[in-house]
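Whole structure, please, built from the sequences with the hints as guidance.
Each protein sequence line maps, in turn, to chains A and B.
Start counting the first sequence at 1; every next residue gets the next number (my numbering).
Start counting the second sequence at 1; every next residue gets the next number (my numbering).
There's no promise every hint is true.
As the list claims (entries may be wrong) - Simulated pairs of lysine-lysine, DSS-like, Cα-Cα distance not exceeding 25 Å:
1) B:K157 to A:K244
2) B:K252 to A:K244
3) B:K220 to B:K110
4) B:K236 to B:K78
5) B:K110 to A:K271
6) A:K44 to B:K157
7) A:K229 to A:K244
Note that these hints are calculated values from the structure, not bench results.
Source: prediction; values computed, not measured.
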Amino acid sequence: MPKQKSYFFSTVADILIWIFLTVFAIIVLVPLVFMFTASFMPAKDIMSIPYPWIPKTFYIKNYWQALRGNDGSFIYVRNILNSFLVASVTSIGTILLCSITGYGLAKFQYKGRNFILMMILSTMMIPFEAIMIPLYLIVTNLGWQDTYWALIVPFLMSAFGVFLMRQFLLTFPDELIDAARIDGASEIGIFFRVVLPNSVPPMATLAILTFRSQWDSLLWPLLVIQSPKMKTIPLYIVQFAEEKFTNEGALMAAAVIASIPMLILFLSLTKYFIGGSNVYTGGKE
Amino acid sequence: MIFIKKKTGIEKKKARWGFIFTIPAIIFFSVFSFYPIINAFITSFYKKDLLSLSKPKFIGLGNYKYLIHSESFWNSVKATTIFTVGTFIPLVIISLILAVFISSRKRFQKFFQMSYYSPALLSSVVAATIWLLMFDPRGLANQFLNFILNTPGKDYKWLTSSGMLRLATIIVYFWKYIGYFTVIFVTGIASIPQSINEAARIDGANRWQVFSRITLPLIKPTTLLVSVMAMTQCLKTFSTQYLFTQSGAPLKPIDVITLNIYNTAIRDHQIGRASAMSIILFVIIMVLTLIQFRVSKAEEVQY
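Right, here's the structure in full:
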C-alpha cells in the first residue's frame with residue numbers, strides 16, 4: 001500500500017515537472033515569436049489588442065524598409081558587413097595570438113614564465129567598463145577614431161583566451177613537437193604545422209566567444225564611432241529605434257536580420273556554444 | 001661533454017623561443033590593460049576636461065570627495081544595487097531549479113536546454129528592442145498582466161513609473177541569461193557520477209532527499225561560481241538601460257554605474273570624475289573576481 005502511494009505521488013510530481021518546464025519554455029520563446037511575427041506585420045496590427053500572433057499578410061515591406069533605412073541610403077547593409085568584418089578579423093587574430101602565447105607559456109621553460117602568466121591572468125580582474133575612458137583617449141591619440149582599427153585592435157587578445165589555450169596545450173603530446181624538432185622544423189614552423197592543426201576544439205570555442213562578444217558590443221563602438229558608414233549593427237539598431245519614421249515592424253525586421261547569422265552559427269556549432277559557457281566552470285562536455 | 005654542451009645550447013634556444021612567443025601578449029596587455037588602469041587611477045586624482053587643452057589640475061582626493069556628496073553617484077549605486085540583487089538572485093535560483101528538472105528528464109533534455117538558451121543568441125540591443133515594443137502601453141506585457149490579474153485595459157506604465165522601469169530592465173536581463181546559466185548547471189549536475197544517485201535510491205532515498213543531500217552539496221561550488229559570475233555581469237550592465245533611456249524612459253531609476261560613467265565622460269566631459277567612478281567599479285569587480293578564482297580552485301570535487 002505505501003509503495004503504491006509513493007508511486008502515485010511521483011507520477012503527479014513528474015507531470016508537474018513536465019508542465020513547469022513546458023510553460024517556462026513557452027514564456028521564454030514568446031518574445032522571439034513576437035519578434036519574428038511582428039516583422040511581417042504592418043505597425044497597426046502589431047499594436048492592436050489583442051496581439052494577432054499570425055500575420056494576416058506577409059508584409060515584406062518591413063524588411064525592405066529595414067535594409068533601405070529611413071533615408072534610402074541602404075547604410076544598414078554596410079553596417080552588417082562592418083559587423084561581420086570586425087567580428088571575423090578579431091576572432092582570427094585572437095585565436096592566433098592567444099594560442100601562440102599559450103604555447104609559449106605551456107611548452108617552454110624559462111625564467112619569468114610564471115610571472116608573465118600571472119600578469120596576464122590578473123588582467124581578468126580589470127573590467128572593460130573601468131578602462132574604457134583611458135582606452136578611448138589612447139585610440140583618439142592614435143588617430144583611430146572612426147576606423148576599423150579602433151574596433152578591432154583593443155580586442156585582439158583576451159586573458160581568458162590565453163588561459164584556455166595554455167590549459168589545453170599543457171596536455172599536448174611533447175612527442176609530436178620533439179619529432180618535428182628532430183626533423184629540423186623551425187620553432188615557428190612547429191607552431192603553425194604541428195600545434196595549430198591539433199588544437200581546433202579550444203580554438204573554435206575561443207573564436208565563437210570572441211565573435212559573439214564583438215557582434216554584441218555596443219558601449220565601445222558608441223565611444224569611438226561617429227560616422228554612419230562605420231557603424232556596426234547594434235549602433236544602427238539603436239539609431240533606427242530612435243528615428244521618428246521607423247515603424248515597429250521595420251524595427252523587428254532589422255532585429256531579425258541582426259539575429260539570423262548567430263542563429264545559423266548556433267545551429268551548426270551548438271557544441272562549441274554550450275562548451276563556451278562551460279569552460280568558465282571547468283565543466284566537462 | 002660535447003653532448004651535454006650541445007643540449008644546453010638547445011635548451012637555451014628553446015627558452016628564448018618560449019619567451020619570444022609571449023612578447024605580443026606582453027605588449028598587448030601592457031598597452032590595452034595595464035596602462036589604461038594605471039592611467040584611470042592617476043586621472044582620478046585630477047580635474048580633467050575631455051575637450052579642454054589646458055593641463056589637468058591635481059586635486060588629490062577631490063573627485064572621490066565629490067562623489068561621496070554627489071546625489072547622482074549615490075543614485076547610481078542604488079540603481080546598480082537594485083538591478084544586480086534583483087537580477088542575479090532569481091537568475092541563480094531559477095536556473096538551478098530548471099537544471100535539476102531538466103536533468104531528471106529522460107527525454108527532451110536537449111530541446112529544453114536549447115529553448116531556454118535561445119535568447120542568449122540575440123545581441124543585447126536586439127533583446128532590449130524586442131522588449132521595448134512589448135512594454136509599450138498597448139504591448140504584450142500589459143495584455144499579459146491584464147489577462148492574468150483580470151484588469152482589462154489597465155496600463156502598468158512599464159517604461160514610465162520608476163519601479164516598473166527597474167523591473168522591466170531586470171526582466172530583459174533575466175530572460176536573456178536564464179538559459180546560459182541553466183546550461184552551466186546542467187553540465188555541473190551531469191558530472192556527478194550516476195552511481196552515487198543510484199546507491200542513494202537503492203538505500204531508499206526519495207527524490208527530494210537525493211536532491212537536498214546529494215545534488216545540492218555536490219554542485220555547491222558551481223552554484224557559488226555562477227553566483228559570482230552573474231553578479232559581476234549584472235554590475236556591468238549597460239545596453240538595456242541605454243536603449244530604454246534613449247527611447248524616452250526616465251534616466252534616474254535605471255542610471256546604472258556604467259551608464260553614469262559614460263554620460264559623465266562623454267556628455268559632461270568630466271574625465272576625472274568618470275575615472276574615479278571607474279576605479280570604484282574596478283575595486284568591487286576585482287574583489288568578486290578574486291572570490292571567483294578561489295572558488296574555481298576549490299571546485300575540483302573528488303568523487
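Hints, verified against the model:
The straight-line distance between the Cα atoms of B:K157 and A:K244 is roughly 21 Å, inside the 25 Å bound, and the hint therefore holds. The suggested pairing of B:K252 with A:K244 holds, with an alpha-carbon distance near 24 Å, which does not exceed 25 Å. Taking the CA atoms of B:K220 and B:K110, the gap is near 24 Å; set against the 25 Å cutoff, the hint holds. This hinted pair checks out: B:K236 and B:K78 have alpha carbons roughly 14 Å apart, not beyond 25 Å.
Between B:K110 and A:K271 the alpha-carbon distance is near 11 Å, which keeps this suggested pair within the 25 Å criterion. This hinted pair checks out: A:K44 and B:K157 have alpha carbons roughly 21 Å apart, not beyond 25 Å. Distance restraint check for A:K229 and A:K244: the Cα-Cα separation of roughly 20 Å lies within the 25 Å cut-off, and the hinted pair is therefore satisfied.
In summary, the structure agrees with every hint in the numbered list given earlier.
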